[in-house]
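Turn these sequences into a full structure, and let the hints steer you where they fit.
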Amino acid sequence: SAVISQKPSRDICQRGTSLTIQCQVDSQVTMMFWYRQQPGQSLTLIATANQGSEATYESGFVIDKFPISRPNLTFSTLTVSNMSPEDSSIYLCSVAREPDTQYFGPGTRLTVL
Amino acid sequence: TQLLEQSPQFLSIQEGENLTVYCNSSSVFSSLQWYRQEPGEGPVLLVTVVTGGEVKKLKRLTFQFGDARKDSSLHITAAQPGDTGLYLCAGAKAGYSTLTFGKGTMLLVSP
Chain A
1 SAVISQKPSR DICQRGTSLT IQCQVDSQVT MMFWYRQQPG QSLTLIATAN QGSEATYESG
61 FVIDKFPISR PNLTFSTLTV SNMSPEDSSI YLCSVAREPD TQYFGPGTRL TVL
Chain B
1 TQLLEQSPQF LSIQEGENLT VYCNSSSVFS SLQWYRQEPG EGPVLLVTVV TGGEVKKLKR
61 LTFQFGDARK DSSLHITAAQ PGDTGLYLCA GAKAGYSTLT FGKGTMLLVS P
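Protein chains in written order, with my numbering: chain A, 1 to 113; chain B, 1 to 111.
The hints are all genuine.
Distance ranges between label pairs, derived from CB positions: (1) T79(A) x V44(B): 25 to 33 angstroms; (2) G60(A) x P8(B): 21 to 29 angstroms; (3) D11(A) x A68(B): 40 to 48 angstroms; (4) T17(A) x A94(B): 40 to 48 angstroms; (5) S84(A) x Q14(B): 39 to 47 angstroms.
Subject to a maximum C-alpha distance of 20 angstroms in a straight line, what follows is the list of computed SDA-like cross-link-like pairs (lysine to any residue): (6) K103(B) x S59(A); (7) K7(A) x D87(A); (8) K103(B) x S7(B); (9) K70(B) x T101(A); (10) K103(B) x D87(A); (11) K103(B) x S88(A); (12) K103(B) x L19(B); (13) K65(A) x P8(A); (14) K103(B) x Q41(A); (15) K93(B) x D71(B); (16) K93(B) x A96(A); (17) K103(B) x E5(B); (18) K93(B) x T30(A); (19) K103(B) x T101(A); (20) K7(A) x G40(B); (21) K56(B) x S1(A); (22) K56(B) x N18(B); (23) K93(B) x T48(A); (24) K93(B) x T101(A); (25) K93(B) x N24(B).
It is worth saying that the hints were derived from the structure and are not from the lab. For every residue, glycine included, the Cβ atom is placed at its ideal position computed from N, Cα and C.
Encoded structure:
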């Protein structure tokens, strides 16, 4: 498994501002992912955070809205830009150590007013 | 299009009852994972099944992967309040690093 921490654990933000979420893993991993989980919903993949290159975004998600950094093999950030109430969600990072298996962080609960 | 259909979406039962959650798809997956998520936490991996027809047991939980690797089930025997949570299935396709998640089954076990 993997020990994954996220900061902040929760935040309440004003419309139009941006929030950067951090994800730290206890050891090096190749694959890191960012997900969004809207209230009462399942997980939707936002992007794959690639070390040394631009993130790979899923359909419906763009870099201008969700810029991602991956400076090394243990750390990544996701920024939620120009927030609106529709961005209120839980944001989760995950890592893959073994093929086809992902481990998740505790999540960041974001509320946008 | 939802590639993984989970049913039921919500289940409320009494302690001691048995239950089965289903995860179905028209697509073939190289492996399938089951997660449980409790309020305020991230999903926790329960099991990964990779072989068609495979059955894995985790205490009172039994997981089965369909022969054609298109479906899976989770059976809980003698459910306890501690089993309460959101159960998610997720499938991986050969050659792809990403997972496809089902919509989840919210299980509530009352004492």
